[in-house]
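On the provided structure of chain B, position chain C as indicated by the hints.
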Amino acid sequence: GNSVTQMEGPVTLSEEAFLTINCTYTATGYPSLFWYVQYPGEGLQLLLKATKADDKGSNKGFEATYRKETTSFHLEKGSVQVSDSAVYFCALSDQGQAGTALIFGKGTTLSVSS
Amino acid sequence: EAGVTQFPSHSVIEKGQTVTLRCDPISGHDNLYWYRRVMGKEIKFLLHFVKESKQDESGMPNNRFLAERTGGTYSTLKVQPAELEDSGVYFCASSPDRAYGYTFGSGTRLTVV
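Line by line, the protein sequences are chains B and C.
Each step along the first sequence adds one to the number in our numbering, with nothing skipped, and position 104 is 1315.
Each step along the second sequence adds one to the number in our numbering, with nothing skipped, and position 99 is 110.
Pulled out of the complex, with its shape left as it was, chain B reads as follows (with noise of 0.2 Å):
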């Protein structure tokens, strides 16, 4: 069946630091890719998406490329700032399987200090 590997954690690093968070997928059909970040008391909220091969989503400085060829949606951020801080999500979403809903991965804290 379909699912979501991400790199356990938790990750900590010094402000300006480079970040990777590693997302691998298995998945039977043609998914959408997404990554969701929940900040501390707060929702889940869509932080990138990526539809189809190749693809790379961005926000707020984070990128994360579609790679088919290896099943990964790596989530990336030049220099993390302290309030980046949160929890991060790898989710699919497979568009080829009627009534499938996100299938998460098991979530990476990150904690940036000054």
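Treat the hints as calculated values from the structure; they're not laboratory data.
A few of these clues could be false.
Here are the simulated EDC-like cross-link-like pairs (lysine to aspartate or glutamate), alpha carbons at most 20 Å apart as the crow flies [what the hints assert, rightly or not]: (1) B:1317 - C:53; (2) B:1260 - B:1305; (3) B:1279 - B:1265; (4) C:62 - C:108; (5) B:1271 - B:1226; (6) B:1288 - B:1274; (7) B:1271 - B:1295; (8) C:52 - B:1219; (9) C:52 - C:94; (10) C:89 - C:67; (11) C:55 - C:94; (12) C:55 - B:1253; (13) B:1263 - C:94; (14) B:1260 - B:1295; (15) C:62 - C:41; (16) C:65 - B:1287; (17) B:1260 - C:53; (18) B:1267 - B:1287; (19) B:1317 - B:1295; (20) B:1279 - B:1266; (21) C:55 - B:1305; (22) C:55 - B:1219; (23) B:1279 - B:1305; (24) B:1260 - B:1287; (25) C:65 - C:108; (26) B:1260 - C:108; (27) B:1317 - C:41; (28) C:26 - C:68; (29) C:52 - B:1253; (30) C:26 - C:41.
Every value quoted in this text rests on a predicted model; they were computed, and no experiment measured them.
What follows is chain C alone, placed relative to chain B:
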């Protein structure tokens, strides 16, 4: 435009009691989803409504969970009787169409003691 609203934000109940969670989707969104995250684990799909009909309830853990969406507007998720393993954060999301994307609520943190 108001977002997805969930109520209550927190609930602490004793094992064996009943709890009802409510989700108000964005007006006009036919698709409504319930998800749950147990501490430290994946956010898992519970069920999907299209208007008032259950499109997919394959993620519901057992018959202690009952979801309704009367009239195709707000939805309730009732847990009766609650067990310790039901503790977690329950998220609701709505969407006008899967291709459009999903808007999530802030979640209800349920603690069963």
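Evaluated hints:
{"no.": "1", "hint": "B:1317 - C:53", "verdict": "holds, 4 Å"}
{"no.": "2", "hint": "B:1260 - B:1305", "verdict": "holds, 13 Å"}
{"no.": "3", "hint": "B:1279 - B:1265", "verdict": "holds, 7 Å"}
{"no.": "4", "hint": "C:62 - C:108", "verdict": "holds, 12 Å"}
{"no.": "5", "hint": "B:1271 - B:1226", "verdict": "holds, 15 Å"}
{"no.": "6", "hint": "B:1288 - B:1274", "verdict": "holds, 6 Å"}
{"no.": "7", "hint": "B:1271 - B:1295", "verdict": "holds, 10 Å"}
{"no.": "8", "hint": "C:52 - B:1219", "verdict": "holds, 11 Å"}
{"no.": "9", "hint": "C:52 - C:94", "verdict": "holds, 18 Å"}
{"no.": "10", "hint": "C:89 - C:67", "verdict": "holds, 17 Å"}
{"no.": "11", "hint": "C:55 - C:94", "verdict": "holds, 18 Å"}
{"no.": "12", "hint": "C:55 - B:1253", "verdict": "holds, 18 Å"}
{"no.": "13", "hint": "B:1263 - C:94", "verdict": "violated, 41 Å"}
{"no.": "14", "hint": "B:1260 - B:1295", "verdict": "holds, 18 Å"}
{"no.": "15", "hint": "C:62 - C:41", "verdict": "holds, 5 Å"}
{"no.": "16", "hint": "C:65 - B:1287", "verdict": "violated, 37 Å"}
{"no.": "17", "hint": "B:1260 - C:53", "verdict": "holds, 19 Å"}
{"no.": "18", "hint": "B:1267 - B:1287", "verdict": "holds, 11 Å"}
{"no.": "19", "hint": "B:1317 - B:1295", "verdict": "holds, 18 Å"}
{"no.": "20", "hint": "B:1279 - B:1266", "verdict": "holds, 10 Å"}
{"no.": "21", "hint": "C:55 - B:1305", "verdict": "holds, 15 Å"}
{"no.": "22", "hint": "C:55 - B:1219", "verdict": "holds, 17 Å"}
{"no.": "23", "hint": "B:1279 - B:1305", "verdict": "holds, 14 Å"}
{"no.": "24", "hint": "B:1260 - B:1287", "verdict": "holds, 13 Å"}
{"no.": "25", "hint": "C:65 - C:108", "verdict": "holds, 15 Å"}
{"no.": "26", "hint": "B:1260 - C:108", "verdict": "holds, 15 Å"}
{"no.": "27", "hint": "B:1317 - C:41", "verdict": "violated, 28 Å"}
{"no.": "28", "hint": "C:26 - C:68", "verdict": "violated, 24 Å"}
{"no.": "29", "hint": "C:52 - B:1253", "verdict": "holds, 18 Å"}
{"no.": "30", "hint": "C:26 - C:41", "verdict": "violated, 34 Å"}
Violated hints, listed in ascending order, are 13, 16, 27, 28, 30; each of the other numbered hints is respected by the structure.
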